[in-house]
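There are 2 protein chains.
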Amino acid sequence: MARGLTLPQQRKEETRVRILRAAYGVFARRGYEAATVEEITAECGIAKGALYGHFASKEELFRTILIEHVRGRAAQTAALLDPGLPLRESMLRIIEASWATCRTDPVWSPIVMEFWALAGRNEWGREAVAAIFDHCSAALVRFLSGAQRAGLVRSDVDVDRAARLLLALNDGLVLQWQTQPDKVDPEEFLGPMADMITGYLAVEDHGARGATPEHTGGR
Amino acid sequence: MARGLTLPQQRKEETRVRILRAAYGVFARRGYEAATVEEITAECGIAKGALYGHFASKEELFRTILIEHVRGRAAQTAALLDPGLPLRESMLRIIEASWATCRTDPVWSPIVMEFWALAGRNEWGREAVAAIFDHCSAALVRFLSGAQRAGLVRSDVDVDRAARLLLALNDGLVLQWQTQPDKVDPEEFLGPMADMITGYLAVEDHGARGATPEHTGGR
Numbered sequence: 001m002a003r004g005l006t007l008p009q010q011r012k013e014e015t016r017v018r019i020l021r022a023a024y025g026v027f028a029r030r031g032y033e034a035a036t037v038e039e040i041t042a043e044c045g046i047a048k049g050a051l052y053g054h055f056a057s058k059e060e061l062f063r064t065i066l067i068e069h070v071r072g073r074a075a076q077t078a079a080l081l082d083p084g085l086p087l088r089e090s091m092l093r094i095i096e097a098s099w100a101t102c103r104t105d106p107v108w109s110p111i112v113m114e115f116w117a118l119a120g121r122n123e124w125g126r127e128a129v130a131a132i133f134d135h136c137s138a139a140l141v142r143f144l145s146g147a148q149r150a151g152l153v154r155s156d157v158d159v160d161r162a163a164r165l166l167l168a169l170n171d172g173l174v175l176q177w178q179t180q181p182d183k184v185d186p187e188e189f190l191g192p193m194a195d196m197i198t199g200y201l202a203v204e205d206h207g208a209r210g211a212t213p214e215h216t217g218g219r
Numbered sequence: 001m002a003r004g005l006t007l008p009q010q011r012k013e014e015t016r017v018r019i020l021r022a023a024y025g026v027f028a029r030r031g032y033e034a035a036t037v038e039e040i041t042a043e044c045g046i047a048k049g050a051l052y053g054h055f056a057s058k059e060e061l062f063r064t065i066l067i068e069h070v071r072g073r074a075a076q077t078a079a080l081l082d083p084g085l086p087l088r089e090s091m092l093r094i095i096e097a098s099w100a101t102c103r104t105d106p107v108w109s110p111i112v113m114e115f116w117a118l119a120g121r122n123e124w125g126r127e128a129v130a131a132i133f134d135h136c137s138a139a140l141v142r143f144l145s146g147a148q149r150a151g152l153v154r155s156d157v158d159v160d161r162a163a164r165l166l167l168a169l170n171d172g173l174v175l176q177w178q179t180q181p182d183k184v185d186p187e188e189f190l191g192p193m194a195d196m197i198t199g200y201l202a203v204e205d206h207g208a209r210g211a212t213p214e215h216t217g218g219r
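Chains A and B, in that order, give the protein sequences.
Residue numbers for the first sequence follow the working numbering, beginning at 1 and rising by one.
Residue numbers for the second sequence follow the working numbering, beginning at 1 and rising by one.
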């Protein structure tokens with residue numbers, strides 16, 4: 001609970017959080033299409049009118065869940081980073097932080113995948129997914145620019161493009177892992193992913209392939 | 001039309017293709033959930049009973065569209081490859097071939113994204129997406145193993161894992177491109193993607209970074 005709120009503001013914030021938690025459960029269980037506002041209000045014991053005082057529509061609820069979750073996660077990841085760390089270690093931290101949510105919350109990635117489908121089908125879904133891509137890649141660009149200034153990333157690397165590639169590699173691998181958990185063990189991919197990205201970014205392969213080759217069994 | 005079919009077999013195959021084409025249009029327009037078998041039969045002028053003689057359910061129709069499309073595309077890509085080509089050129093061909101479908105058929109990637117969502121939600125969706133991941137990565141493994149035998153890929157690269165990473169990077173980038181076509185221009189990513197993968201796979205950076213650096217403007 002944020003400090004400095006008046007009592008009515010605190011109550012309002014508590015209600016908002018309660019609605020979001022209930023909605024998260026209902027969306028996870030039913031999927032976006034089948035979920036109803038009635039089921040969400042029943043789950044959190046809040047009148048429909050009161051819910052609409054917080055969120056204009058089911059769309060807005062779903063979008064808010066995605067965006068707040070991703071922002072919180074990006075801030076947590078940023079706190080783990082330091083442009084002075086070896087580049088490969090930073091890559092490991094970025095990837096592991098993104099995977100931590102998939103591990104601790106098994107409904108999170110199905111929700112994200114449903115958003116990907118909505119992005120292909122309608123404008124508000126597309127805008128929501130675009131917003132999280134922009135948010136995540138901006139966070140990565142901040143880190144990569146710092147690492148470039150620190151001399152760890154090649155000066156000719158376009159950091160915007162590199163951020164997008166890192167995001168793409170991670171999203172694609174999470175999709176395979178979540179679809180084939182029996183075949184795609186993320187632990188086995190962590191080192192190779194960090195090697196691939198570090199090899200691309202790093203000055204003179206510093207901290208890349210040579211330092212911790214994947215065949216030694218090191219992560 | 002395959003040769004060597006009897007006339008009744010030819011007719012049956014023609015009907016099957018007609019149903020698949022109509023279904024493709026309906027799924028693209030409505031999305032999987034909202035599409036109905038009635039709309040598909042109306043579109044291709046085939047009785048519902050006749051459709052069920054070919055496909056047991058709407059699920060089977062949707063799954064067949066995905067799998068046949070991906071198999072056809074993988075075979076086309078394989079025909080473009082040659083383990084004797086410089087590795088970076090092969091990577092460019094693989095990536096470009098996958099993008100060609102997104103360019104020529106604007107409804108293809110929304111259909112794939114909808115499958116990703118189904119994979120997170122139900123077993124038959126998960127199995128269909130797993131089947132295309134397996135099919136595509138097996139095709140890449142065949143190519144990478146050949147390139148490894150030809151001495152172009154480092155002997156310590158696990159080709160199964162490398163195939164999965166290449167697939168992941170490509171899927172993730174297509175997702176960003178389709179969601180933000182104004183921000184993610186695939187042409188700008190083609191060279192960097194090929195550099196990143198080639199740098200990871202290649203023996204002594206052969207054909208990678210040094211040969212065609214991205215800042216020279218070469219693809």
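Note that these hints are calculated values from the structure, not bench results.
Be a bit skeptical, because a hint or two may be false.
Put simply, identical chains are the same to the list, so a pair is met inside one copy or across any two.
[Unchecked claim] No more than 25 Å apart at the CA atoms, straight line, and that leaves these computed lysine to any residue pairs for SDA-like:
hint	residue 1	residue 2
1	K58	L85
2	K58	P110
3	K183	T104
4	K48	I65
5	K12	T41
6	K58	R30
7	K183	R126
8	K12	G45
Taking the hints in turn, this is what the structure says about them:
no.	hint	verdict
1	K58 / L85	neither (43 Å within a copy, 52 Å between copies)
2	K58 / P110	both (18 Å within a copy, 22 Å between copies)
3	K183 / T104	within (19 Å within a copy, 32 Å between copies)
4	K48 / I65	within (18 Å within a copy, 41 Å between copies)
5	K12 / T41	within (15 Å within a copy, 51 Å between copies)
6	K58 / R30	both (13 Å within a copy, 20 Å between copies)
7	K183 / R126	between (30 Å within a copy, 13 Å between copies)
8	K12 / G45	within (15 Å within a copy, 56 Å between copies)
When the structure is compared with the earlier hints, a violation turns up for hint 1 alone.
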